[in-house]
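Chemist: Input sequences plus hints: build the corresponding full structure.
Just so you know, the protein sequences line up as chains A and B, in that order. Residue numbering for the first sequence follows UniProt numbering, beginning at 1 and increasing consecutively. Residue numbering for the second sequence follows UniProt numbering, beginning at 1 and increasing consecutively.
It is possible that some hints are incorrect.
If several chains are the same, the list does not tell them apart, and a pair holds so long as it fits within one copy or across any two.
Said to hold, decoys possible - SDA-like, lysine to any residue: derived pairs with alpha carbons at most 20 Å apart:
id, residue 1, residue 2
1, K213, L226
2, K213, A227
3, K213, R159
4, K213, Q42
5, K213, A233
6, K213, I232
7, K213, G119
What the hints contain is simulated information worked out from the structure, not anything from laboratory work.
Number of protein chains: 2
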Amino acid sequence: MRPETLSIIGFGAFGQLIARHLRPHLALSVCDPCVRPNDLPQVDPAQAARADIVVLAVPLPQLEAVLRAIAPHLRPGSTVIDVSSIKVEPARLMLDLLPDHVGIVASHPLFGPASAAGGIAGHRIAWCPLRGRGDRRLAAFLKARGLQVIPTTPDQHDRDMAVVQGLTHLIARSLSRLGPLPRDMATRSFAMLAEAAAMVQDDSPELLATILKANPHAASVRQRFLAEAAGIADEL
Amino acid sequence: MRPETLSIIGFGAFGQLIARHLRPHLALSVCDPCVRPNDLPQVDPAQAARADIVVLAVPLPQLEAVLRAIAPHLRPGSTVIDVSSIKVEPARLMLDLLPDHVGIVASHPLFGPASAAGGIAGHRIAWCPLRGRGDRRLAAFLKARGLQVIPTTPDQHDRDMAVVQGLTHLIARSLSRLGPLPRDMATRSFAMLAEAAAMVQDDSPELLATILKANPHAASVRQRFLAEAAGIADEL
Chain A
1 MRPETLSIIG FGAFGQLIAR HLRPHLALSV CDPCVRPNDL PQVDPAQAAR
51 ADIVVLAVPL PQLEAVLRAI APHLRPGSTV IDVSSIKVEP ARLMLDLLPD
101 HVGIVASHPL FGPASAAGGI AGHRIAWCPL RGRGDRRLAA FLKARGLQVI
151 PTTPDQHDRD MAVVQGLTHL IARSLSRLGP LPRDMATRSF AMLAEAAAMV
201 QDDSPELLAT ILKANPHAAS VRQRFLAEAA GIADEL
Chain B
1 MRPETLSIIG FGAFGQLIAR HLRPHLALSV CDPCVRPNDL PQVDPAQAAR
51 ADIVVLAVPL PQLEAVLRAI APHLRPGSTV IDVSSIKVEP ARLMLDLLPD
101 HVGIVASHPL FGPASAAGGI AGHRIAWCPL RGRGDRRLAA FLKARGLQVI
151 PTTPDQHDRD MAVVQGLTHL IARSLSRLGP LPRDMATRSF AMLAEAAAMV
201 QDDSPELLAT ILKANPHAAS VRQRFLAEAA GIADEL
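Modeler: So this is what it looks like as structure tokens:
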């Protein structure tokens, strides 16, 4: 009952990460105009669209063009799943642009190359089934890999991530701009803060823009956080 | 060669923490007008001053009065050590107010009841020997307990802590004022951030005032951090 073929469209840091973990279990192919996979079949968008599962791991600004390119070639019964760091906008695009005969899942794996360096087991993936039943088999497959599959809605996801990723990145970037941080003199809590910041330091500019700008709730959460911090400073 | 008697002046959260760890090794007594130790001798300031080692674990605003109270009673060859979260001001007070015949160490244990819940081994203590040689035996004793003894100067300490503790507490307080944080949807980096924040959440108002207000570098570091964060928000 396991899915047979899976194509990864977009072979950046995250596409490469999931390829490493999925290749023992599925027949993978990769579609990326810029990054050549070393030892996986490279396919064009039309070929990629004919897989049982099509994973969209492109930067958000490219998502619409990719959806339009693959839509005519998707096979009935296949499942398309995106992995963007926001969910309302990709969900809308997939529902608008993909044919009725394919299943759709909007997902957000809550890990990346840094946090999952030791493996993906125990990590989480936000899970929004949007159309069809392909999500069930896929969720079972991911659970069998040790992932926690967390059901949510695109809207709730984006609200949560405005805090979770929005503030982590804001704090991490702000700390890094202060220059070298004290190391020898760190308390345990500060060491954790610095480690959390280091974990997101290498995220791509595209990912950063998605998290800090494209998330519809990011600006208001950031403003609330900065207002609270300024308030604490003023109270002293 | 081990020190024989040690008095803890100020039996708050931190005084109680160190009492738990030191009592198997030293003859302890406690001096605190408000908190009665369950099973340790309770002494007055003059009695406390006659110990081989006198640990000052009172809130910073009380330090000067305590130093004046114990100064006439300190014995030649004894060592006085404070554990405040800043060091320039306590160092100045101790050097000004204590007699020449006692050793002085300004220290800052970089742990507390939350971070050292599992023990003090592996934790750090900032260490500024100011007068006499009592610090050497004391440092060796603490190293034997598994602590990392980090030599520094009062000024460098305060500069480092303006970042380490000042920003950790600012971020922790700001996060807590946002209300309940997402839990199920946390990335690993955000979970670490939230755990770091939780670790300092129960620190006393006196400690908070020392870290955020009394540290001479806290305000400028905080302003730089907030300016960087606001700059990131504006750039988007």
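Chemist: Confirm or reject each hint.
Modeler: These are the hints, each one checked on the structure:
1. K213 - L226: both (16 Å within a copy, 19 Å between copies)
2. K213 - A227: both (18 Å within a copy, 19 Å between copies)
3. K213 - R159: within (13 Å within a copy, 34 Å between copies)
4. K213 - Q42: Classified as neither; 32 Å inside a copy, 59 Å across copies.
5. K213 - A233: between (26 Å within a copy, 9 Å between copies)
6. K213 - I232: The answer is between: 11 Å across copies meets 20 Å, while 26 Å in one copy does not.
7. K213 - G119: neither (29 Å within a copy, 43 Å between copies)
Going down the numbered hints, you'll see the structure goes against 4, 7, while the others check out.
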